[in-house]
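Residue numbers (the numbering used here), protein chains in the order written: chain A, 2 to 235; chain B, 5 to 468; chain C, 3 to 215.
It is worth saying that the hints were derived from the structure and are not from the lab.
The list that follows gives simulated cross-link-like pairs (lysine to aspartate or glutamate, DMTMM-like), each with its CA atoms no further than 25 Å apart:
| id | chain 1 | residue 1 | chain 2 | residue 2 |
| --- | --- | --- | --- | --- |
| 1 | A | Lys221 | B | Glu461 |
| 2 | B | Lys249 | C | Asp175 |
| 3 | C | Lys79 | C | Glu109 |
Only a predicted model underlies this, so the values are computations on that prediction, with no experimental measurement involved.
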Amino acid sequence: MRVSLFVTCLGDRFFANAAADAVRLLRSLDVEVDFPKDQTCCGQPAWNAGDVPEALRMATHTAEVFADADYVVLPSGSCTAMLRCTYPRLLEAPAVAERSYELAEFIVDVLEVTELGRGLEGRRLAYHHGCHALRELGLETQPVRLLESAGAGVVPWEMDQECCGFGGLFSVKNPEVSVAMADRKLDTLPDVETVVSADGGCLLQLDGRARHRGLPIRFKSLASVLWEARRGGS
Amino acid sequence: MEVHSGDYRARARRIIEETPEVREAVTAATRTFVEHRLEAFADLDEDALSHWAERVKSHALTHLADYLEEAEARLVERGAHVHWAESASDVHRILERIVRDNGVKKVVKAKSMLSEEVGLNPFLESCGVEVLETDLGEYIIQLFDEPPSHIVGPSIHRSLDDIRAIFHERLGTPRDASPERLAAAARELLRNAFLTAEMGISGGNFLVAETGSIALIENEGNIRLATSVPRIHVALIGIEKVLPKWDDLSIFLQVTAKSATGQPVGCFVSIIQGPGGSAAGEPDGPEELHVVLVDNGRSRLLADPEVWEALRCVRCGACLNICPVYRQTGGHAYGYVYSGPIGAILAPGLVGLEETLPLPFASTHCGACKDVCPVRIPIPDLLHVWRKRAVERGLTSGVERSVLGLWASVVTRPALFGLAEKVAGLIPDQVVRHLPMLREWSAGRELPRATGRTFRELWDEGIE
Amino acid sequence: MSRDARERILSRVRDANRDREPVSHPGPLPEAAEPPGPFTQAADAEVDGQTGVADPVDAFENRLRAAGGEVVRLADKAAVRAWLKEFASEFESVSVCKGVPQGLQPELAAAAPSEASLGVSLAVGAAAQTGSLLLSSREGRQAQLLPPVHLVWVRAQDVHTTLGEALQACREDLPATLALHSGPSKSADIGQILVTGVHGPGRIIAAILGADA
Chain A
2 MRVSLFVTCL GDRFFANAAA DAVRLLRSLD VEVDFPKDQT CCGQPAWNAG
52 DVPEALRMAT HTAEVFADAD YVVLPSGSCT AMLRCTYPRL LEAPAVAERS
102 YELAEFIVDV LEVTELGRGL EGRRLAYHHG CHALRELGLE TQPVRLLESA
152 GAGVVPWEMD QECCGFGGLF SVKNPEVSVA MADRKLDTLP DVETVVSADG
202 GCLLQLDGRA RHRGLPIRFK SLASVLWEAR RGGS
Chain B
5 MEVHSGDYRA RARRIIEETP EVREAVTAAT RTFVEHRLEA FADLDEDALS
55 HWAERVKSHA LTHLADYLEE AEARLVERGA HVHWAESASD VHRILERIVR
105 DNGVKKVVKA KSMLSEEVGL NPFLESCGVE VLETDLGEYI IQLFDEPPSH
155 IVGPSIHRSL DDIRAIFHER LGTPRDASPE RLAAAARELL RNAFLTAEMG
205 ISGGNFLVAE TGSIALIENE GNIRLATSVP RIHVALIGIE KVLPKWDDLS
255 IFLQVTAKSA TGQPVGCFVS IIQGPGGSAA GEPDGPEELH VVLVDNGRSR
305 LLADPEVWEA LRCVRCGACL NICPVYRQTG GHAYGYVYSG PIGAILAPGL
355 VGLEETLPLP FASTHCGACK DVCPVRIPIP DLLHVWRKRA VERGLTSGVE
405 RSVLGLWASV VTRPALFGLA EKVAGLIPDQ VVRHLPMLRE WSAGRELPRA
455 TGRTFRELWD EGIE
Chain C
3 MSRDARERIL SRVRDANRDR EPVSHPGPLP EAAEPPGPFT QAADAEVDGQ
53 TGVADPVDAF ENRLRAAGGE VVRLADKAAV RAWLKEFASE FESVSVCKGV
103 PQGLQPELAA AAPSEASLGV SLAVGAAAQT GSLLLSSREG RQAQLLPPVH
153 LVWVRAQDVH TTLGEALQAC REDLPATLAL HSGPSKSADI GQILVTGVHG
203 PGRIIAAILG ADA
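Chain A on its own, in the form it takes in the complex:
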């Protein structure tokens, strides 16, 4: 089996190691990974801003880049939702839409793997559900299932499904409200050291606010934590 990795614009710059971990993880599951060099941005920032023509330009480019892929795997829930749910509204029957998967979704739903290893034994984590992953992709159980089967305790968090306040440009157009939303998430966290999420934007938002407030919480990409789950011994 061969997949094309779409690292995403945020991923390339801010989560490069996590994306590399995604590659390692997929290879360890006997999946060949290629990386089409011309990939850049899925167009979500423009779409969210209401700029449809620019979103279309970026979507057209991305759809071409991945036109021949059997599967496109992304370490990002929101970008996956863009490809799967929004591209069909922008483009004529884009093949890439049906073939795109978020990483955990791909592992559980396509590879049908639910146990990666026991590398997270004894870890206490909180999981932040990114809104696009949760509501557009219906990705509620797959990530937590993989974390728990690897020995992690995913600690109940009453606000785990509430939006972190990133929302793309919302974070800079309504920064006060955005920060208040991040604060509500951080202030209701259970006692954990690490918060895991499948979305880069969410991680930047929560990590950025936590560091500003001097909170000793670490934020990790799901991809990296799943690689730890696998690598830590099977």
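Starting from the known structure of chain A, arrange chains B and C on it as the hints suggest.
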């Protein structure tokens, strides 16, 4: 009412920074509503209910003219007066005539968002009429002289302490009065109003075409009183409130109550077919019933092929309750009678996009509202329509458009993208912090930290 | 004038729908999707530990009690007389709605609705699904609303299972106002704290008359 939606960001900021207790009060109240709503729907087939309700409302809207005529005919048969108002000033003129013809000096009002929308209270007061809000939440905000901050609970942004203070000041209750004591004081004062007012004004939750019935849902009993005791009852009803059949009513009453507060149904429901009293051969009830059917931008919204579905709204407030953006500020930040997600899609349609521009952008597009709407309004999609139009009409900021245009140009040219990444990496944080947009980020958050090498570089080096 | 406004509004509404695909009415809600009576909801389990209640009168009682109402079941005329005498002893005066039979009227001094401590009604129906009493304006509304306590007589055979059925039964002969009372008046507008008896009656008692009552 005056619209202040253009100031959304500044108003939101002021509420969060200067009155942080509002955020706490609104968050607590909305979380309770959300919990109760979940309990109420736990054993129900929510999908089946919402699909059915969506179809009934869409059917009503696509046959609206016929149903409005049918409702009017039924009401007139029973002796009601039916008036038609295209705009707020029409509503004013109609009310003014009724007031003058009947020497009305005092009005008791049941909660009506539509009456706020058309600025009715200030107008009546300018006619020399005393207007008393009788819904406890509305009465409280009337004391504070502020607009409602939530469709169902107008005063959820006010704490017990706030209310104790203003009741002490205006009604003379003790500073530490219990909620029961406060309610009793309001009850006594407003009871006298019910018994002496010449006119009661209400809104309408639903207008059933088949029987000409006006349905009103509540918990306090003030609507029952305001529509039963005074000699004249005026009901203001938006033309979109139509339900086709009598048999549709029972489900809509239940679904609306469950969506709003989690109750099986409101404590009191008034289903009004016509005037009472001698007009109907009954012992009491209003001698005159005036129904004012109000357009005020609704027909224009109905004509809009991309946004008309917003008119299915039953005003349950479920979208406000679940919205993570709304609960940081409450409704006053939105500067319009309808706030939260539904406000953000109605305001541009009823008032105009230019005057309400920030509202469709006052959302992270998280999608939670869509999950809870009992009539399946695709709120995130409608928010996006307004955003798209804002860009098309050149209403969004030049800086933003330039940045997005530049971004699109760079990302559709992969070689340029690689170069741009390298260049971006060279700009020191001190400078980045002050760039447009990133400046707003940095005020409360640390900048994202780029990893030492980009993924592309790691890939080229070979990933082990 | 309102006439012209009417023509313009209707004309705009017709134009708005002119090119739109009309949506047909879906007919009645599938029975499986009807909100259940208080058969399965938690509030009823708390009320008396029973679930799977099948009789509409039992279900109605559970639902109204869960909402803070009071319910008494009276099997025959003797039971009615005895209960009414004891119940009425708490009150100084009464306002009785038109049409309430003599045997169901408490022996108390009559007072105007705005003065009486008790109001008495005869319901035209009830619905178990929502715990609602259906009250007609033909009996007079003020006694249903102004006294702080409201006693509502309802015949067991008039208790329907669903709200839809209860409303259907009234369809052919609607009064000026048909009211549903489903619990005592309440509000949480004061700092989210629940208070009863805000404007309408703070106590509602449904007295259910058996066939022999």
